[in-house]
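Model the placement of chain B on the given structure of chain A, informed by the hints.
In order, the protein sequence lines correspond to chains A and B. Reminder that position 57 of the first sequence reads as 1307 in this note's numbering, one-by-one numbering, no gaps. Reminder that position 50 of the second sequence reads as 1300 in this note's numbering, one-by-one numbering, no gaps.
Since the hints were derived computationally from the structure, they do not count as laboratory data. Honestly, I wouldn't trust all of these hints.
From the derived model, a few chain B residues whose C-beta atoms are all more than 12 Å from chain A [as the list claims (entries may be wrong)]:
#1 R1415
#2 V1587
#3 Q1662
Ranges of calculated distance between the beta carbons of each label pair, as one might list FRET restraints [as the list claims (entries may be wrong)]:
#4 B/G1382 / A/A1267: 44 to 50 Å
#5 B/G1660 / A/D1271: 24 to 30 Å
#6 B/H1386 / A/S1255: 28 to 34 Å
#7 A/D1271 / B/K1462: 27 to 33 Å
Remember, predicted model here, so these are calculated numbers, not experimental data. Don't be surprised by glycine CBs; every beta carbon is placed ideally from N, CA and C.
There are 2 protein chains.
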Amino acid sequence: MSTHSAVDIITTKRDGAALSDDAIEWMLDSYGGGAVADEQMSALLMAIYFQGLTPRELARWTDVMIASGERLDLSRLSRPTVDKHSTGGVGDKISLILAPLVAACGAAVPQLSGRGLGHTGGTLDKLESIPGWRAHLSNDEAIDQLESIGAVICAAGTGLAPIDRKLYALRDVTGTVESIPLISSSIMSKKIAEGTQALVLDVKVGRGAFIKTLSRARELASTMVGLGRSHGVATVAQLTAMNQPLGRAVGNAIEVVESVDVLRGDGPADVRELTLALARTMLELVGIDVDPVTKLDDGSAYELYCRMIEAQGGDPTAPLALGSHRHVVTAAHDGIVQSVDALGVGVAAWRLGAGRARKEDPVSAGAGVMCLVREGDFVVAHQPLFELYADDDEHLERGRASIENAVRLGDQSTDVESILIERISS
Amino acid sequence: MSTHSAVDIITTKRDGAALSDDAIEWMLDSYGGGAVADEQMSALLMAIYFQGLTPRELARWTDVMIASGERLDLSRLSRPTVDKHSTGGVGDKISLILAPLVAACGAAVPQLSGRGLGHTGGTLDKLESIPGWRAHLSNDEAIDQLESIGAVICAAGTGLAPIDRKLYALRDVTGTVESIPLISSSIMSKKIAEGTQALVLDVKVGRGAFIKTLSRARELASTMVGLGRSHGVATVAQLTAMNQPLGRAVGNAIEVVESVDVLRGDGPADVRELTLALARTMLELVGIDVDPVTKLDDGSAYELYCRMIEAQGGDPTAPLALGSHRHVVTAAHDGIVQSVDALGVGVAAWRLGAGRARKEDPVSAGAGVMCLVREGDFVVAHQPLFELYADDDEHLERGRASIENAVRLGDQSTDVESILIERISS
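The following block holds chain A by itself, in its conformation from the complex (with noise of 0.2 Å):
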């Protein structure tokens, strides 16, 4: 590898030329190893939200990146792996009831998860309101729970593409989340070194989800799909809407609580629904002809479940308190739902206490939102809208504050948008 000049890897990516291979190897193995200052890197990361990154350049980044850590080996399993990721929703639980449904079809569910971070929460942090359940296993740890329950939902190792952590910190302070090559980078890079054979991604749009437009979600499907696949994973991407807060529960234990009702054949609608289309699409990406529905209604997704949660501390069956303090959201008026504000109401519940502002901040297991009602119901004057929970009265009041206008009342009836939008596979 020759010797570059990062600003010169800059300046050619500011002014809209792609980067030799060469280069982006040079520009990331330089930042991680310290040669290349975050100040040098930011204003990269930030032309590269204005400039894109080739397909070519894209493959490359997301390869470097790889290779910057250890890489899993699954391929000893004695059945077909494949995992899910969500880009994230607001009362997004379906991880918990997808990975034993899954797993209790027949499939191995190798789902390393990170923290959550701002209004979504994280998987992580819901499982963790379970008392004993712990979040972090060894790569043989989680390997042999794989094969031996079939699911395990875990932290993902600092193994695995560890440049990712110190460019993902970099971003987050900088203003360059939000780009499209950079984002499906960060998400391939990881799920690649975990070495799932296949991948679902469910791809989030709407008002509560960071990708607000249908365009721009189709660009970072494809984006995701085309990395996958070039590196020999089966990638298939399902859009789902993000207008309305996914299933009634919003928080950590209360969608544990909302996860069990769904695994036990019960729960929202909606929940259960995603959770089914996200199911069928994993099953058949490995070849496995079982109805996910089969697994449900017999009992044998929440068993799997049962197991998996007891294979890492926990105590499935312990009940789970909400937080204390209490509050009751009603409508001022009859009328029928115009909207519920998904990105109001996971502000709530992340102000409530459900979320944390820095990767180092400790969330409550009990705070969050119970959502009563949704788009098109008919309401009444004093009707409850929501059930606010939190530890104490300081964020009980800071949550309220954020909920207020969430639901949105009028005089139209509407009518309800699936769930489900399209799929996308090259």
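Relative to chain A, chain B alone:
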């Protein structure tokens, strides 16, 4: 001043919206104080590169830069003050002639200058080839010399717009130098803080300048003129051609010698023409009705130059030696000079030892290039085109490699372009 978030400010600009006065003040002051990190400022600078600054944002940005340091008070001087700034060209020794010439006409010229970096040399580096001459004066020394002699060329004190020093160092390593609002605020904050009443900007455009196109030169010129006027400095810009080197001499001592030639009424026609044009504009701005040509012809400009050099410890009559290692580049065949590449000549002089790659590097007084032909000249085979001077063979060889193709010969007769392109007053 309220509290802002650096990320919000970066994303606001990234997304094309204008920053509030308060946000700009907070960002720059926090950067100066260390609360905003280099990687955040460089991301903002790259966003500004792409999205620009509105006139209001730019005025505020510049105000905050000025307010970060001291502002000289030249109002107690008995003469009107007028300065000149050049955006940098190859062989641009105009300041050395212009300051004493305009002072000889009755104005006070406070030339507080910076160091050269890259292929265009710095005025201070050139003057430092004079034995004994010192660039560093206190503010009081500079003001006293302005009163007693009328001209001072010295190093700009660190007290003027100190945040520019930090910002410039950051821009230099992050590919964010070439932004019109950032260039404009960097130049104008220092000139406004310097306290001059009037200012003429020499905006170079062409192959040897960092601005290559007329439209960008016009944009830069009118941005700086607007900033000067809104801060009470009578400002005019002169766009000038920088395709071939200015004059014949490119280097340090070699340019001082050529400047003295012009001050004594001799020297290359283009240097004399540009100096007189700029001098007339400067005098016009401060209402002095003297034809500067008379001050070249009667020796008073040269006399003032000698006093200016002596006041700073220099011996204006000391012989200046050129580098002892020499090489002559000759024409390969007969022809008409189609072009002399100013950039190539500038880079050659720099590699011969006349310029520096890093701020800390020393420069050679004797290194440089003498250009023996200009565009439109007829030459015959083996006729000398350039004389190169260096302190050792290694530098000589490096300079030689850069200059070999700097003269293009052909059979077309060429129109000699005027060095004065246009004047921009608003």
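Hint check:
no.: 1; hint: R1415; verdict: 15 Å, holds
no.: 2; hint: V1587; verdict: 31 Å, holds
no.: 3; hint: Q1662; verdict: 32 Å, holds
no.: 4; hint: B/G1382 / A/A1267: 44 to 50 Å; verdict: 49 Å, holds
no.: 5; hint: B/G1660 / A/D1271: 24 to 30 Å; verdict: 40 Å, violated
no.: 6; hint: B/H1386 / A/S1255: 28 to 34 Å; verdict: 32 Å, holds
no.: 7; hint: A/D1271 / B/K1462: 27 to 33 Å; verdict: 29 Å, holds
Hint 5 alone, counting from the list given before, is not met by this structure.
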